[in-house]
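Please take these sequences and the hints and turn them into a complete structure.
Just so you know, we're using the working numbering here: the sequence shown kicks off at 1 and counts up by one.
Worth flagging that the hints you see were computed from the coordinates, not collected in a lab. Hints should not be assumed to be uniformly reliable.
Stated by the list, open to error - Dumping the calculated PhoX-like pairs for lysine-lysine here, alpha-carbon to alpha-carbon at most 20 angstroms:
1. 21 x 145
2. 21 x 148
3. 145 x 110
4. 229 x 2
5. 110 x 83
6. 2 x 110
7. 229 x 69
8. 148 x 83
9. 21 x 2
10. 2 x 148
Keep in mind the model is a prediction, meaning the values are calculated, not measured.
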Amino acid sequence: MKITFIGGGNMAVALIGGLRKQGFSAAGMQVVEPFAQSRERLTESFGVRCTAAVDAAALNCEVLVLAVKPQQLREAVAPFSGKLDNQLVVSIAAGLRMTDISRWLGNYHKLVRTMPNTPALIGAGISGLCADPSVDLEGRTNAEKILKAVGSTVWIDNEEQMDAVTAVSGSGPAYVFYFLEAMEAAALNLGFDARSARRLTVETFLGAARLAEQSSESISTLRQRVTSKGGTTEAALLSFGASGIAAAIEHGIIAAEARGRELGNMLGKD
1 MKITFIGGGN
11 MAVALIGGLR
21 KQGFSAAGMQ
31 VVEPFAQSRE
41 RLTESFGVRC
51 TAAVDAAALN
61 CEVLVLAVKP
71 QQLREAVAPF
81 SGKLDNQLVV
91 SIAAGLRMTD
101 ISRWLGNYHK
111 LVRTMPNTPA
121 LIGAGISGLC
131 ADPSVDLEGR
141 TNAEKILKAV
151 GSTVWIDNEE
161 QMDAVTAVSG
171 SGPAYVFYFL
181 EAMEAAALNL
191 GFDARSARRL
201 TVETFLGAAR
211 LAEQSSESIS
221 TLRQRVTSKG
231 GTTEAALLSF
241 GASGIAAAIE
251 HGIIAAEARG
261 RELGNMLGKD
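Following this line, the structure appears as structure tokens:
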């Protein structure tokens, strides 16, 4: 499988690094990246071929990964419009719908839209994927191989749900960091030094997340197992409930999903 990446930013670096760790040949990948410093970093780190602009070699691929910012995508794919034959196009540009990408590519439909999240940068991400009906099993498998290089994958049947994927897992790390900030601040206010406060906070999250991942019990049940009646955990959870934290989280995620749809409408305009 030959892969051409359009864009050599952080997510492309993560994907290329993950693929190399899995034994994928550097000779099978190339990157189109306008910034010389980024090209040098990619070549030095991974040994991949890099060019400043699209050339014939960039078209000679089986998979084209669109790894540029959403507002740059239309211009970035212009050199490929009407020139694609049977390549699979994988977009990791947040918010942009396949119908818009297809139009910019000259009504090309062999597309997969994905939404990785930032833990992909350390190989611990999760990506939602949605394929155009024209993508066959081989195409889906190839897209999944690429995204699994940086974590787990979940297939979404209806593209309309991709905005919800963005709201839950794409933006999700920020919600976790937000809670970590508050928990760390509370630990500092309780007298812990900065190093201890961070360690207690982060490792509590890591352990709880690992327990939830490995347990067959619901998250609600796991929470209840920590909560003794009249105890310290119950006191904290009652305070959270009185402050409406659960409802605020849900409302925030709904707001993120709505904003994703708005951005898709804006970015997809000609």
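Pair hint residue 229 and residue 69, alpha-carbon separation not exceeding 20 angstroms | The hint is violated at about 50 angstroms.
Are residue 229 and residue 2 close enough, with their CA atoms no more than 20 angstroms apart?
-> Given pair residue 229, residue 2 is violated - Cα atoms ~59 angstroms apart, limit 20 angstroms.
Has the given pair, residue 148 with residue 83, been kept, meaning a C-alpha gap of at most 20 angstroms?
-> Since the Cα atoms of residue 148 and residue 83 sit roughly 28 angstroms apart, the hinted pair is violated (cutoff 20 angstroms).
Below or equal to 20 angstroms on CA atoms is what counts here, so check residue 2 against residue 148.
-> The given pair, whose Cα atoms are some 17 angstroms apart, holds under the 20 angstroms limit.
Pairwise hint evaluation, residue 2 against residue 21, where the allowed Cα distance is 20 angstroms at most = The hint holds at about 16 angstroms.
Distance restraint between residue 21 and residue 145, which requires alpha-carbon spacing of 20 angstroms or less | holds (13 angstroms)
Below or equal to 20 angstroms on CA atoms is what counts here, so check residue 2 against residue 110.
-> holds (16 angstroms)
Would you mind confirming whether the straight-line C-alpha gap from residue 110 to residue 83 stays at or under 20 angstroms?
-> holds (13 angstroms)
Restraint check for residue 21 with residue 148, where alpha carbons must lie at most 20 angstroms apart | Measuring from Cα to Cα gives roughly 12 angstroms; hence the hint holds.
Regarding the pair residue 145 and residue 110, is the alpha-carbon distance no greater than 20 angstroms?
-> Holds: residue 145 and residue 110 sit about 17 angstroms apart, inside 20 angstroms.
In terms of the numbered hints stated before, the structure departs from hints 4, 7, 8, listed from lowest to highest.
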